[in-house]
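Undergrad: Read off the chains here:
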Amino acid sequence: MGAISERDIVTLCGQVGTILLENGAETSRVENTVEYVGRAVDLPVICHATMTGIFVSSENSATTRIFKVRVGDFNLQKVDEINTLSREFSRHEITYDELKKEVKRVDTETLDFSWLTKCIGAGLVSMPPMLLFKATWGDLALAFFVGILGYVASQIVAHHTKTPYIPVAVGSLVISLLANVLGIVGIAHDANYIIISALMPLVPGVPMTNSLREIIERNTISGIVRATDAIMAGISIGSGVIVGQIIIKSIFGG
Amino acid sequence: MMEIVYGFIFGFLSSVGFGIITNNPRRTLIPAGLVGAIAWIVYIIVGWYNHGLIMPNLLGAVVIGLLGNLCAILVRAPVNIFYVPCLVSLVPGAILYDSMKNFTLGNDNAAFVGFVKALTVGMSLAIGFIIAEAIANKIYPPLKKRLAQRENDKK
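Residue numbers (my numbering), protein chains in the order written: chain G, 1 to 254; chain V, 255 to 409.
Nothing false has been slipped in among the hints.
What the simulated footprint calls covered on chain V by chain G, stretch by stretch (three residues with Cβ under 8 Å from a Cβ of chain G suffice, anywhere in the stretch; the number is not a length):
| # | region |
| --- | --- |
| 1 | 257 to 265 |
| 2 | 272 to 284 |
| 3 | 334 to 344 |
| 4 | 357 to 365 |
| 5 | 370 to 377 |
| 6 | 380 to 389 |
I should point out that these hints are in silico values taken from the structure, not numbers from a laboratory.
Remember, predicted model here, so these are calculated numbers, not experimental data.
Glycine included, each C-beta is placed from N, C-alpha and C at the ideal position.
Chain G on its own, in the form it takes in the complex (with noise of 0.2 Å):
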């Protein structure tokens, strides 16, 4: 293993750290995984991980490297990928070039299901079972589809924008415009219901109990710093819904 430097090593463990918490790996997840893939290749790592930035050192030297993080969007399969190549990495099925390749692989392309596919999910997400018994099933029904069409103009802006929070608004202001639409025109019974139930897939439930899982973990950085993220989106996905409702109610006079 003389081969290969230590600050490529230590690169490579920022790497790794960087693509697991980019996707939504909680931190003491990634600091352990850092320091496993260090051990394995007989150099103690040291790795700090907070939600903006990763520290990994070397234990041998004053080799250490600072990665800064950009929290975006879940992507699960990133995370399942770095972990099952990690566990071979230390297990020694795979050598230390394979995992290189492999994880610059990971990092910039990984199967990611079909546009419809998300969208069907997004829709599924949109009924969810706490309202069975108090919405009516057209309401369901209606939150399916509009809930599609307000996670599809999340995507579409997030695309075009790096501003945050912006995609979600802009999301739940469709979905706001849209069930407001319905609830006048008299297709819907309660525009209030499918609000909620369309906004399930945009709404930052999971990170807030992220949050407190890092907070009772110990680690008060990450969760404070996730807890204020969810809400900021909790107070952007409400403006955006608020805005909708007004223009709908001006425009119809309600």
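Since the structure of chain G is already known, use the hints to place chain V on it.
TA: Chain V only, in chain G's frame:
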């Protein structure tokens, strides 16, 4: 009774749906859906006997934690891959949205009540996970060992 049947179906569908959005590996979709559905049933049944917010969510999370860890061992994937999609039906997203809507409208009191509710649900889910993980760490290692042994025997 119908409530349970429908709850199972829709719990399954919404977990699988969220799994698709977050791009779960394909082999984990069905197990994640099943865990989500079972957790939802537990949530409904506990809700019959206890009308608070905490117990149904906490026990739902315990179920997700236990079954999710089991699936993680059987399917060989990080536990988070099961947690995220299964959580989607329990998670306080709608409450958080509602509270933030009130905040935007200027109904500060309603916003505050909603926010505390969202925190309560989130906390009970998180504590449920911790409990489940504590149990899982005690129960599952022997199972893991046996699985590894069987695989070695095959080779």
